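Chains A and B, in that order, give the protein sequences. In this text, residue positions in the first sequence follow this note's numbering: the first is 1, and each later residue adds one. In this text, residue positions in the second sequence follow this note's numbering: the first is 1, and each later residue adds one.
It is worth saying that the hints were derived from the structure and are not from the lab. It is possible that some hints are incorrect.
The following label-pair restraints were derived from C-beta to C-beta distances [unchecked claim]:
1. Phe69/A to Thr216/B: 19 to 29 Å
2. Val240/B to Ile293/A: 49 to 59 Å
3. Gly61/A to Glu64/B: 32 to 42 Å
4. Ala188/A to Ile63/B: 32 to 42 Å
5. Asn229/A to Phe241/B: 34 to 44 Å
6. Gly196/B to Ala10/A: 32 to 42 Å
7. Arg67/B to Glu299/A: 25 to 35 Å
8. Gly61/A to Arg67/B: 54 to 64 Å
9. Tyr165/A to Ser239/B: 28 to 38 Å
Quick caveat: nothing in here was measured; it's all calculated off a predicted structure. Glycine included, C-beta positions come from ideal geometry on N, C-alpha and C.
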Amino acid sequence: MDILDILISASFWAATIRIACPLVFATLGELICERAGVLNLGIEGIMTAGAMSGWLWVFNGGDLISAVFFAAFVGAILGLLHASFTVSLGLSQHVTGIGITLLASSLSYFIIKMLLPASTAPPKITPFQSLDIPVLSALPFLGEALFSHTALTYTAFLIVPVIMYVLYRTPWGLAVRIAGENPVALEAQGINVISVRTLAVMLGSALMAVGGASLTISAFDAFYFGMVNGRGWICIALVIFASWRPGKALLGALLFAGLDAFQVRMQQQVGAYIPYQFFLMLPYVLSIVAMIIVARRAEYPKALLKPYRRGERL
Amino acid sequence: MNWACECPVPLKNPQNHDQSLLMQLELRESTPWWLSLSAPIIAICLSLLLASLLIVWAGESVIEAFRTMAVGAFGSTFALTETLSRAIPLTLTGLAAAIAFRARFYNIGAEGQLYCGALAATLIGSGFLNLPSHLLIPLLFIAGAAAGGLALLLPWFLKTRLNVDEVVTTLLLNFIILLLVSFALEGPLRDPMSMGWPQAAPIIDAGVLPALVPRTRLHAGAFFALAAAVILWLLLRYSVFGFSIKSLGLNSHAAEHAGIPAKRTLLWVALLSGALAGCAGVSEVAGLKGYLTLDLSPGFGYTGIAVAMLANLHPLGVVLSAIFLAGVSVGADSMGRALGVPSYIADIMVASAVLSVLIGLMFTRYRIRH
Numbered sequence: 001m002d003i004l005d006i007l008i009s010a011s012f013w014a015a016t017i018r019i020a021c022p023l024v025f026a027t028l029g030e031l032i033c034e035r036a037g038v039l040n041l042g043i044e045g046i047m048t049a050g051a052m053s054g055w056l057w058v059f060n061g062g063d064l065i066s067a068v069f070f071a072a073f074v075g076a077i078l079g080l081l082h083a084s085f086t087v088s089l090g091l092s093q094h095v096t097g098i099g100i101t102l103l104a105s106s107l108s109y110f111i112i113k114m115l116l117p118a119s120t121a122p123p124k125i126t127p128f129q130s131l132d133i134p135v136l137s138a139l140p141f142l143g144e145a146l147f148s149h150t151a152l153t154y155t156a157f158l159i160v161p162v163i164m165y166v167l168y169r170t171p172w173g174l175a176v177r178i179a180g181e182n183p184v185a186l187e188a189q190g191i192n193v194i195s196v197r198t199l200a201v202m203l204g205s206a207l208m209a210v211g212g213a214s215l216t217i218s219a220f221d222a223f224y225f226g227m228v229n230g231r232g233w234i235c236i237a238l239v240i241f242a243s244w245r246p247g248k249a250l251l252g253a254l255l256f257a258g259l260d261a262f263q264v265r266m267q268q269q270v271g272a273y274i275p276y277q278f279f280l281m282l283p284y285v286l287s288i289v290a291m292i293i294v295a296r297r298a299e300y301p302k303a304l305l306k307p308y309r310r311g312e313r314l
Numbered sequence: 001m002n003w004a005c006e007c008p009v010p011l012k013n014p015q016n017h018d019q020s021l022l023m024q025l026e027l028r029e030s031t032p033w034w035l036s037l038s039a040p041i042i043a044i045c046l047s048l049l050l051a052s053l054l055i056v057w058a059g060e061s062v063i064e065a066f067r068t069m070a071v072g073a074f075g076s077t078f079a080l081t082e083t084l085s086r087a088i089p090l091t092l093t094g095l096a097a098a099i100a101f102r103a104r105f106y107n108i109g110a111e112g113q114l115y116c117g118a119l120a121a122t123l124i125g126s127g128f129l130n131l132p133s134h135l136l137i138p139l140l141f142i143a144g145a146a147a148g149g150l151a152l153l154l155p156w157f158l159k160t161r162l163n164v165d166e167v168v169t170t171l172l173l174n175f176i177i178l179l180l181v182s183f184a185l186e187g188p189l190r191d192p193m194s195m196g197w198p199q200a201a202p203i204i205d206a207g208v209l210p211a212l213v214p215r216t217r218l219h220a221g222a223f224f225a226l227a228a229a230v231i232l233w234l235l236l237r238y239s240v241f242g243f244s245i246k247s248l249g250l251n252s253h254a255a256e257h258a259g260i261p262a263k264r265t266l267l268w269v270a271l272l273s274g275a276l277a278g279c280a281g282v283s284e285v286a287g288l289k290g291y292l293t294l295d296l297s298p299g300f301g302y303t304g305i306a307v308a309m310l311a312n313l314h315p316l317g318v319v320l321s322a323i324f325l326a327g328v329s330v331g332a333d334s335m336g337r338a339l340g341v342p343s344y345i346a347d348i349m350v351a352s353a354v355l356s357v358l359i360g361l362m363f364t365r366y367r368i369r370h
């Protein structure tokens, strides 16, 4: 009965869409990197850097839309760093990614501490306001659930078909996919694998950073320490869950966001009987379960984790 | 550049359009010893360079900042014992990462395994068993090692049987274990004497590791960590098990082809790696803090990866790099208190050291082709 109450409330569905926004951006970003053959474990740090830089841009008087682009730029620079380590130099993608996460998040915290040394309560900005779509937002239930979100949230959902089009319908998308499956074949076509992979990692990292920025300039209005809080790692599990397909990635992100919104509401109802820690565990436990379910038929990009060096066999 | 793959592109000789973003590399046949030694040194220099840029930005004198840091880390008996006591858990988690990474089993879960060890030590050591010290302390370590090792069983099983990536599973388990510990500390394990703080009952006196230097926090766990490093080094260098790990790390297919049981070797690697991380938790609870809290580890599990990388996965090198990185964070803390430089600079130095040691190591394996 209680569960049903939650499911038929418009606020639950609105929260699901809102929580999914950063996950969609970051999962798509990771997906593009992995499709090109590069695992990007820097995701958690890149999201933190995006959250920090987007917020800082607005705090210093920039407008919200350019803040998104600034965060994307910072993400792309970090992606370039990751790519120069893993693509150009062919170093371990695991260790590099962890290093980038540590570097990007500690640098972000350092910068915030430097610029706002004495603040106890984090200063706030005016984030993206919810943009009611005319006519549609007036619909009962659906209006509140689907058509009353911020511009960045709408963008997260609109970008999925764009990425699908780029990945499956453009020559560059084809090149990215081949770079992740069979880089030697790509090289034989006269296309530079190194630059395809580098660009893919930069684009993917830019999307991750926008996902992080959506936390500070769309969902909340301040930057907190530890604010990304493992969302990046969840996105890595989501990419596997999605079998490296953008459409399924959207579905997975929505599923997880729904679960998250659901557990918060369940906590309020049965929190007295079940400790809240078990609700907080749910996303992580379900990530592992989802990976187990899809692992048997998971079709990894065949060149994932394999550095490409010209003239060297895979 | 022509991205169109469908249309017939004239095939070029890859050697001719060879305008790669970076130079060509070729595998070295052998590595001179001085080159392998220079990689960590170059890495440390690069991380010091990045740190000095940030110090300049913070408006402090670089020399003064590094002097404060060095004095804060090694300048007095107290500073030195603080650094060494912080190096104990870092050595153990560093060894945990080193042995696992050597076999290409990417255990990112040392943080969770550390808490498993700490939890086991708390369960047994806080009054459940009343034994003399020489029995209770070894028992605490055995229990902690078992708990840490068990925490890696699931990722091992998922990797070898179901082909689930161990990086993600070990990482996600960190969060799950930490939430379990949080639940235990607020519920069944909460110390009734703790005035409502989420902390467990203290380890009884017989289970507390003796202090090495009076009135400091340096405890006997230091000997344990050092012994673990030496034993692991001997094991990796002279045993069949060490040889199996090495060949698994170099080429798992070839190793399996040569008759090395990959799954079983990986099982022992996982158990040993988790056990080492679990012991780090035991030594923190029974040696340093005395009781379990949620902030027992400021990310020792993750820093352990950096420790292992900086040591090029060498067990004895792990001891040195743990002392160095412990000094960096203890020193950065005291610099943060004395000057206006945020202590996050320690993490930045750790991260930049990891990234630059990777580059340095590559040059020990490859040379630039002329």
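Against the structure, the hints come out as follows:
1. Phe69/A to Thr216/B: 19 to 29 Å: 52 Å, violated
2. Val240/B to Ile293/A: 49 to 59 Å: 38 Å, violated
3. Gly61/A to Glu64/B: 32 to 42 Å: Hint holds: Cβ distance 34 Å, inside 32 to 42 Å.
4. Ala188/A to Ile63/B: 32 to 42 Å: At roughly 55 Å between Cβ atoms, Ile63/B and Ala188/A fall outside 32 to 42 Å, so the hint is violated.
5. Asn229/A to Phe241/B: 34 to 44 Å: 39 Å, holds
6. Gly196/B to Ala10/A: 32 to 42 Å: 39 Å, holds
7. Arg67/B to Glu299/A: 25 to 35 Å: Hint violated: Cβ distance 56 Å, outside 25 to 35 Å.
8. Gly61/A to Arg67/B: 54 to 64 Å: 38 Å, violated
9. Tyr165/A to Ser239/B: 28 to 38 Å: Violated, at about 56 Å.
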